[in-house]
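Peer 1: Start from the sequences, fold in the hints, and give me the full structure.
2 protein chains.
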Amino acid sequence: MASFLGRYEYQLDQKGRVSLPSAFRRESEGDRFVLLQWKSPALTLFPQASWAQTEERLLTFRRNQPGAWADVLAIAASAVDVTPDKQGRILVPAWLQDVGNLKGKVLLVGNIDRVELWNPSSFDEAIKSRSYEEFEKFSSQIFG
Amino acid sequence: MASFLGRYEYQLDQKGRVSLPSAFRRESEGDRFVLLQWKSPALTLFPQASWAQTEERLLTFRRNQPGAWADVLAIAASAVDVTPDKQGRILVPAWLQDVGNLKGKVLLVGNIDRVELWNPSSFDEAIKSRSYEEFEKFSSQIFG
DNA sequence: AAAGTAGTGGGGAATAGTGGGGGAGACGTT
DNA sequence: AACGTCTCCCCCACTATTCCCCACTACTTT
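Line order of the protein sequences matches chains G and E.
Quick note: the first sequence uses the working numbering, first residue 1, plus one each step.
Quick note: the second sequence uses the working numbering, first residue 1, plus one each step.
To be clear, the hints were calculated from the coordinates, so they are not data collected in a lab.
You may find that some hints are simply not true.
Copies of the same chain look alike in the list, so a pair counts if it fits in one copy or across any two.
Within a straight-line C-alpha distance of at most 30 Å, the following computed DSS-like cross-link-like pairs (lysine-lysine) qualify [what the hints assert, rightly or not]: (1) K137 x K39; (2) K105 x K86; (3) K128 x K39; (4) K137 x K15; (5) K128 x K103; (6) K86 x K137.
Quick caveat: nothing in here was measured; it's all calculated off a predicted structure.
Peer 2: Here it is, written out as structure tokens:
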């Protein structure tokens, strides 16, 4: 299974393309991904394989929890299929650049089974705003 | 299986045609669709294949819940077969434009196994009127 | 030092959306 | 039966976007 780790700060060019770090390309078998926003302001990139499972979950949700239809729709509407070009870049559609607040530098962050795209300063804030005590507890449970 | 994702804002021309996004055309094998309204004010477009299953469900419904005959009839009456023309556009009959409140710009939204046609501002309202807390719960169940 | 790998930039061909002319067929009227 | 109207669909033309490809640079590897 893919395991995406590390952070890479790359350029979003004028055509809306970013390079996918070659380490990430190597990790994922196949070159099909789904890019979407579900957690503002970051964008999330799933390899096709794990997206298929997510899609299943969305479908059962839509069927069993009719009240959630708008949430399912919002997620599907924010998503796109993407495939890297020969240079290993993916195209970020304009509307996702907007909601992700991306222009110029983009931070590509590995998150184990997925990749997140962040505006570098939003990422810093998100990381810094953690509680130190909580992190202590958390990390000792994981690594202790 | 087809997986329709993303949002596209296209023009409904004076003849009542809208382009089906090429991404959607690629997803669906075959070029036969069924367009109808079952959830106001949106219109829904099913690829032939998944419509066949829906039709089965309608039939068993009409058989097992005789009280629902009028609902089944209403749905069947609102539905049309549509096929894109050589330019990839579908024709939206006038009565569906009315009930869908479509004129000028139309938002075509992927909803996994189907495509929805929305008046852009109705869509925004529908999306914005969701509860933030509910979505938090929902999305952590899906993506957590 | 040469060769390979990786990120960045941009030209140009192919694809996709938009608008409208015009012909074929359905239908209703005379 | 002939005529007119309306609808639908094919075709052509124009424009914008997308994506394929080549080139340049920096850095690493051999």
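Peer 1: Against this structure, judge whether each hint is valid.
Peer 2: Each hint, compared with the structure:
Proximity of K137 and K39 under a CA criterion of 30 Å is satisfied in both settings, with 24 Å inside one chain copy and 12 Å between copies. With identical chains, the CA atoms of K105 and K86 are at most 30 Å apart within one copy only, with a shortest distance of 21 Å there and 35 Å across copies. For the homomeric pair K128 and K39, the shortest alpha-carbon distances inside one copy (17 Å) and between copies (15 Å) are both at most 30 Å. Taking the shortest alpha-carbon separations for K137 and K15, neither the intra-copy value of 44 Å nor the inter-copy value of 35 Å comes in at or below 30 Å.
For the homomeric pair K128 and K103, the shortest alpha-carbon distances inside one copy (22 Å) and between copies (25 Å) are both at most 30 Å. Neither within a single protomer nor between protomers do K86 and K137 lie at most 30 Å apart by alpha-carbon distance, with minima of 44 Å and 39 Å respectively.
This entry does not satisfy hints 4, 6, going by the numbered hints stated previously.
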